[in-house]
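Below, each chain spelled out in residue letters.
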Amino acid sequence: MNGRAREWLREIPCRVGEIAIDRGDAGRWILTHRDDRARAELHPHDGAEAAVELARYDDAGNFRPLKTAPNLRHGWRLVLADEQEVERALDFFYPARLATWRSWRAGELRTTPLRETLERQSGMYRVTAKITETQANELVANFCRSDGGCLRTILWRRDATGTLPSTLLPAEKFDPQHDQTGRGEAALPLLCQEACNLLVAASREVVKSTPAL
Amino acid sequence: MISETHSALLIVGHGSTVNPDSSPPNLVHAAEIRRRGVFAQVECCFWKEEPSLRDALLLFDSPALREVYIVPNFISEGYFTKTVIPRELELTGRVTERITGQVWKYCEPVGNHPLMTELLLQRAREVAPGVPENETALLIVGHGTDLNDNSAVAAKREVEKIRASGRYAEVLNVYMEEAPLVAAWAQLTRAPHVVVVPFFISDGLHSYQDIPVLLGIEAEPTAAASQREVFRQNPYQLHGRSLYYSHAIGTEPRFAEIIVEQVEAFACDTARPRKILHEVP
Ligand code: SF4
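One line per chain: the protein sequences are R and A, in this order.
The numbering of the first sequence is our numbering, which starts it at 103 and goes up by one.
The numbering of the second sequence is our numbering, which starts it at 37 and goes up by one.
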């Protein structure tokens with residue numbers, strides 16, 4: 103977003119998900135894994151495009167289908183020339199999260215209840231609409247949980263009446279002020295405005311494994 | 037008219053939850069188009085990866101952007117272009133006006149572009165440099181005729197065009213899951229050289245990992261194509277022939293050009309009486 107005020111980048115270090123953003127020399131910016139901020143021996147990278155590869159695999163070399171999963175790899179240091187580059191890098195690390203946050207801040211973010219997302223599906227995912235309330239409650243708790251599942255703050259509800267996504271998740275999971283990494287620091291929230299395709303796919307597995315009555 | 041200050045581009049890809057090679061061609065083409073500075077903003081979105089198609093609704097929030105061109109990076113019209121993309125992007129037809137006044141324009145998938153034939157030929161020549169075409173069988177691999185998928189139709193159209201050029205000794209369509217099967221390549225062809233070009237958008241479709249196995253050049257599907265040496269070992273000597281195996285056509289850098297041309301085609305087409313290209317359910 104050329105020229106747009108980057109209000110999210112005011113507080114330094116700025117933390118977004120598992121990433122720490124610090125100021126470097128000569129107006130440059132330094133991104134690291136939050137666990138690595140104090141580490142000296144980090145593999146240097148530069149330019150926003152490097153984020154594509156850094157975000158693709160976890161520490162064990164496995165593909166990361168969900169970029170907001172708490173498995174960002176360690177051991178790197180990304181040097182970026184300016185704020186615009188920082189934004190581009192973040193768009194690779196956490197695609198569309200800045201745009202979602204901006205929309206939310208502006209009071210314009212539309213969220214979609216899980217039921218609506220599932221009922222909209224077609225083809226192989228049409229069956230997901232059959233997931234029961236109990237199954238959905240358990241699935242969301244397992245799949246979206248911040249420790250081991252996903253670091254997003256859930257803003258959607260389970261249905262149009264406002265049922266919580268899962269009663270098994272702590273209240274913080276729905277609180278944008280809460281640092282979902284559990285470090286208790288100020289962090290820019292990664293917001294979830296609508297169930298992702300991975301959760302839809304997982305719903306299908308649940309429905310498929312339900313014995314027919 | 038595409039404007040470098042008011043027009044944005046959204047490239048829609050399939051993506052994959054298991055294969056790292058699925059989304060990179062989209063990102064590479066987007067980076068190239070961005071570098072050319074034709075659009076004010078260029079973004080990708082995916083059915084199976086992030087940003088999602090739903091996220092894409094939030095990506096063009098600058099008030100300066102008056103129009104967003106959507107180009108499906110798909111081989112053909114089908115279930116995705118006709119059902120999934122319009123639904124997820126809340127399109128009401130070829131042209132959709134948002135409440136902000138921003139207009140979203142739905143272009144044709146890349147695979148429909150006439151340049152595709154030339155790219156397939158170019159790819160075939162690159163994978164088997166110096167190999168005489170009149171002693172070569174060219175196999176274009178497609179998925180197969182899924183109910184909602186016209187990719188087999190598109191692959192057949194390309195084969196007919198290449199065959200008509202008379203350059204190759206043989207030109208054939210083969211499929212992964214239906215006859216004529218890619219696995220039967222040795223029986224289907226007679227030429228001493230065989231070039232195999234997958235008519236796919238990326239090397240990362242889940243099924244794509246099976247092609248080397250079906251060809252007999254690998255024992256079992258292993259890691260993603262990018263993590264293997266499969267393309268570097270050409271030619272493979274099998275059944276008394278030389279077999280050359282290519283990357284999926286969608287990894288071709290000139291796809292960036294095709295994406296832009298699909299936008300230009302749309303922009304020109306709106307000046308003429310509109311033909312309905314997409315049925316939106
Ligand atoms: S639905 Fe949202 S919170 Fe749950 S896993 Fe997907 S992106 Fe994360």
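Hints are not guaranteed to be accurate.
Said to hold, decoys possible - Covered stretches of chain R (chain A as the covering partner; in silico rule of three or more C-beta atoms under 8 Å from a C-beta of chain A):
| # | stretch |
| --- | --- |
| 1 | 151-160 |
| 2 | 164-173 |
| 3 | 197-208 |
| 4 | 216-229 |
| 5 | 294-308 |
Just so you know, the hints here were simulated from the structure itself, not pulled from any lab data.
All figures in this text were calculated on a predicted structure; none of them were measured in a lab.
Ideal placement from N, C-alpha and C gives every residue a C-beta, glycine not left out.
Practice task
Hints the structure violates: just list their numbers, smallest first.
Solution key: none
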